[in-house]
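Peer 1: This is what each chain is made of:
Protein chains: 4
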Amino acid sequence: MADPSLPLPRIGVIGAGTCTSELAHAAYQVGQWIASYPATLVCGGLGGVMENAAKGAFEQGGLTVGILPTSDPGDANPYITIPIPTGMGHARNVLVVLSSQLIIAIGGQAGTLSEIAIALKLGTPIIGYRTWEIVPELKMASTIEELSTLFQQAVKSL
Amino acid sequence: MADPSLPLPRIGVIGAGTCTSELAHAAYQVGQWIASYPATLVCGGLGGVMENAAKGAFEQGGLTVGILPTSDPGDANPYITIPIPTGMGHARNVLVVLSSQLIIAIGGQAGTLSEIAIALKLGTPIIGYRTWEIVPELKMASTIEELSTLFQQAVKSL
Amino acid sequence: MADPSLPLPRIGVIGAGTCTSELAHAAYQVGQWIASYPATLVCGGLGGVMENAAKGAFEQGGLTVGILPTSDPGDANPYITIPIPTGMGHARNVLVVLSSQLIIAIGGQAGTLSEIAIALKLGTPIIGYRTWEIVPELKMASTIEELSTLFQQAVKSL
Amino acid sequence: MADPSLPLPRIGVIGAGTCTSELAHAAYQVGQWIASYPATLVCGGLGGVMENAAKGAFEQGGLTVGILPTSDPGDANPYITIPIPTGMGHARNVLVVLSSQLIIAIGGQAGTLSEIAIALKLGTPIIGYRTWEIVPELKMASTIEELSTLFQQAVKSL
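Protein chains in written order, with our numbering: chain A, 916 to 1073; chain B, 916 to 1073; chain C, 916 to 1073; chain D, 916 to 1073.
Keep in mind that a hint or two might mislead.
Partial pick of chain B residues on the chain D-facing surface, computed with a CB cut under 7 Å [what the hints assert, rightly or not]:
no., residue
1, 986
2, 1002
3, 1003
4, 1004
Honestly, the hints are just simulated from the structure, not real lab data. For every residue, glycine included, the Cβ atom is placed at its ideal position computed from N, Cα and C.
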């Protein structure tokens, strides 16, 4: 269990609110890696990739921050320990990125693309798995093993 | 000159804060088309594509809204008639898209990509010139003439 | 009719979304003064004080900006010529104040108090009518005539 | 030490970024009460009342969330374990209130008044110490002992 009084690094996981079981499994794994590192997981607080990543971190005893688009903390998935309801809709995507020192993008559609773009704009390091292959700065993994390797490399710089 | 008491359609122009003279010319043209339509031009209020589009609309007697990332209305370019300072940084990109019924993307980098992504997420129609070719929903023009044709088609649905 | 190509001063009117006929009348008068000055009226875009102020300005041929809490421009009252849907809920109150060079508070409850507080924080001049008498910086009028006098004095500094 | 995997209640502390030693002491005490309850402390992440409250909670082993007006997590005071940089300026005040199930206002000026107003608007319970006495819903303590009593009563409803 992480010592809550330490300001741990913060790693964001972004991806769609509904996802395939394969992406759900990848997200769960990433959540476990983040909590084990140890780091605080940051996400958008809803379902799909966000929920599975939070579940992985939660079951490893980690802290999970969910920056919600709505103003109701009850909209957070059950694995979020710290809900941040914003009532800001899509504009909350920017806060997910700003709160993260490293971003892991798993699958995802237009909402995830907006977060990737903000990360590129801010210069936040970002690694991806089955997501938008748009620029070389976004390092892509095609297997869970490759994603694990990219993750281990990326956290060295935190 | 547009009658200010009519709620005109609102058309957004997005693109980088610095740009080549070729993109500046395209943005100026688009600004003129918007004011002539007539519609209100919405943009991020700063330089480059935003300034040239606003200049085109302004010189045609049009209204120009600049939704600024800073809290200082003085940061607007000189062709903005209605500055909306937000002090929200990159999160203001979402407001530019929400305030527009049609988006025209000209060139642009990561910030523009985030706005394109939000437009796709919201289902706002979007046409592009020398910008991110990422999905078929974003109709691309490769010349000013093609852009004019796409513009004329798009405004029919406003 | 105001020339839209001039960047007019921007004056905000704040107050509750439902109001008595007496406050509605005051708001309407203030809207007329703003458009006649001429200045652009800024408000929260909804009903009550906001709608009556916008109506006063609109019927005088003025520009009316409505910075909405929702993401739907259709939520604006019918006298708003430039809707700015934000989808940000109460956080949009800050934008109403930031976009205004002078604030006129008419009646109002907790939401209006939050806007008065932001105006005090930012140093934006503010005059009030039947609203929160909390600090001397907020100059209060007890009649429409007094409000007119305070308005005439305040616009001299714009 | 609190178990981070439990979603603890969230209690916000609001007040000015610089404060007297007397208010600093009150804020420190409140921070200790919050961590001991146990609850997660939410604040604006900067100095003065925010820093002293965070210090009290931190030294008790509690979690401390700092919702910052800037986009730089390094602007958080040293007792913040979870910085949420927003880059949204004063609009972040709304997020501090939305993230809290109970608000404790200690001293404070216009910024604090804006947060009190948002809490009143949202119906969030709020107790105060040497702050804005504006409405009966804001229960005021005039001594630390009274504040402790109000705190103990208020947390029963969380």
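Peer 1: Next step is simple, just say for each hint if it's right about the structure.
Peer 2: Results of checking the hints against the structure:
1. 986: OK, holds: residue 986 of chain B within 7 Å of chain D, min 6 Å.
2. 1002: holds, 4 Å
3. 1003: The hint holds - residue 1003 of chain B has a Cβ within 7 Å of chain D, the shortest such distance being about 5 Å.
4. 1004: holds, 4 Å
Hint compliance for this structure: no hint is broken.
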